[in-house]
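S.K.: Sequence:
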Amino acid sequence: MVNLTSCRGNLTCENNEMEPEDDGLLHRTPLGRGVIAVFAFQSLLIILANSLVFLLFAKTRYLRTKTNYCLVSLAASDFLAGLVSLPLVLACSTMSLPELCVSMDLCQRFLSISTILHLLVATLERYFKIMSPFKYTSMVTKHRVVLLLLSVWTFSCFASFIQLAWINIRGPPTEKIHQLDTAYAIFCLAALAFLPFLIIACIDGHIFSFIRKEQKLRYNLTQGKLLHNMETKQRKGRHDRKAAIIYAIMTMVFAFGWFPYFIITLLFDLGLITSAFPFAADIIMVVLKFSTALINPLLYTFFKNDFKNALQGMMRTRQQKLQRSEELTTTVV
Numbered sequence: 000m001v002n003l004t005s006c007r008g009n010l011t012c013e014n015n016e017m018e019p020e021d022d023g024l025l026h027r028t029p030l031g032r033g034v035i036a037v038f039a040f041q042s043l044l045i046i047l048a049n050s051l052v053f054l055l056f057a058k059t060r061y062l063r064t065k066t067n068y069c070l071v072s073l074a075a076s077d078f079l080a081g082l083v084s085l086p087l088v089l090a091c092s093t094m095s096l097p098e099l100c101v102s103m104d105l106c107q108r109f110l111s112i113s114t115i116l117h118l119l120v121a122t123l124e125r126y127f128k129i130m131s132p133f134k135y136t137s138m139v140t141k142h143r144v145v146l147l148l149l150s151v152w153t154f155s156c157f158a159s160f161i162q163l164a165w166i167n168i169r170g171p172p173t174e175k176i177h178q179l180d181t182a183y184a185i186f187c188l189a190a191l192a193f194l195p196f197l198i199i200a201c202i203d204g205h206i207f208s209f210i211r212k213e214q215k216l217r218y219n220l221t222q223g224k225l226l227h228n229m230e231t232k233q234r235k236g237r238h239d240r241k242a243a244i245i246y247a248i249m250t251m252v253f254a255f256g257w258f259p260y261f262i263i264t265l266l267f268d269l270g271l272i273t274s275a276f277p278f279a280a281d282i283i284m285v286v287l288k289f290s291t292a293l294i295n296p297l298l299y300t301f302f303k304n305d306f307k308n309a310l311q312g313m314m315r316t317r318q319q320k321l322q323r324s325e326e327l328t329t330t331v332v
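Following numbering that gives the first Met the number 0, the numbering of the sequence shown begins with 0 at its first residue and continues without gaps.
No lab work stands behind these hints: they were computed from the structure.
From the three backbone atoms N, C-alpha and C, an ideal C-beta is built for every residue, glycine too.
Take the hints with a grain of salt, since some may be wrong.
Pair ranges (Cβ atoms, derived) [claimed, not checked]:
1) S208 x T28: 27 to 35 Å
2) R315 x T153: 16 to 24 Å
3) W152 x L327: 42 to 50 Å
4) P172 x K134: 50 to 58 Å
5) F302 x R211: 19 to 27 Å
6) A36 x I161: 42 to 50 Å
7) H205 x H26: 44 to 52 Å
8) R315 x I166: 19 to 27 Å
9) Q311 x W152: 45 to 53 Å
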């Protein structure tokens, strides 16, 4: 991973080419201040989008399903991205204190590991629900889902903060520390990024194949005509397919946002990249990484049927209250 004994994770530590006379801190230039404004706005959007998920989950009883427990837990992780991780990026890039930059990189790594593991848990839950509907109720209980999600949080914290066991924040990196960083980077890329991604991809492929075969079989059995209760089953098939598509999109967004971070960090640790990245490339990478925390809640709030229905219901209720309030005001006048 990023060598925490250096400022490589900082947006500006190695990007002094913006203005050679500057110290490279982000707020020293007009362009840098514009970047700060963009990141602050992105952080606000992330907080608002995930707060909406919390609000809908708290106010709508039928949303409290095992599937949505996974999504709300993911939303909590994404919420921390906007509340803690992205502000730390700004703090590191404006003050360049080693402690801030270390905290920034630890939080980014936690976010990446937590996101992919949450997606893996959500995909597995959906897989059992579709492939083994009769065993699903007894196998996948809310208690087990909550325990599994707590395990995801615990493991993500452990896997992210374990590097504190060998780093020297202010001192120069030794050869042993560099070797540990390199081994850790390889492990994170292989075991905590690519492996979960491949498992999710295989599961999604199996789900889509199963749904397609089921739809074809249903059509052949009915010869294109709907029999009793067949329309309900077709709606369920469409719902399962839509949910699988949403999870697949979330996984692809993670890959586009976080794989460059893992790969480039490993190349730095291996010494295959020795020069600083262009400032614009650093900014694009940060935006891509944190876009996952914004896109995820938007996907299942506006495209997942139950969340979308809950949002529409909440908006209707609010509109009705406003109308009643206006009527009462008019009556009094």
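S.K.: Hint by hint, note whether the structure agrees.
M.R.: These are the hints, each one checked on the structure:
1. S208 x T28: 27 to 35 Å: violated (52 Å)
2. R315 x T153: 16 to 24 Å: Check failed, 40 Å falls outside 16 to 24 Å.
3. W152 x L327: 42 to 50 Å: For W152 and L327 the Cβ distance comes to about 47 Å; the hint holds.
4. P172 x K134: 50 to 58 Å: holds (51 Å)
5. F302 x R211: 19 to 27 Å: holds (20 Å)
6. A36 x I161: 42 to 50 Å: The hint (42 to 50 Å, Cβ to Cβ) is violated, given that A36 and I161 are roughly 35 Å apart.
7. H205 x H26: 44 to 52 Å: holds (50 Å)
8. R315 x I166: 19 to 27 Å: violated (53 Å)
9. Q311 x W152: 45 to 53 Å: violated (31 Å)
Hint compliance for this structure: hints 1, 2, 6, 8, 9 are broken, all remaining hints hold.
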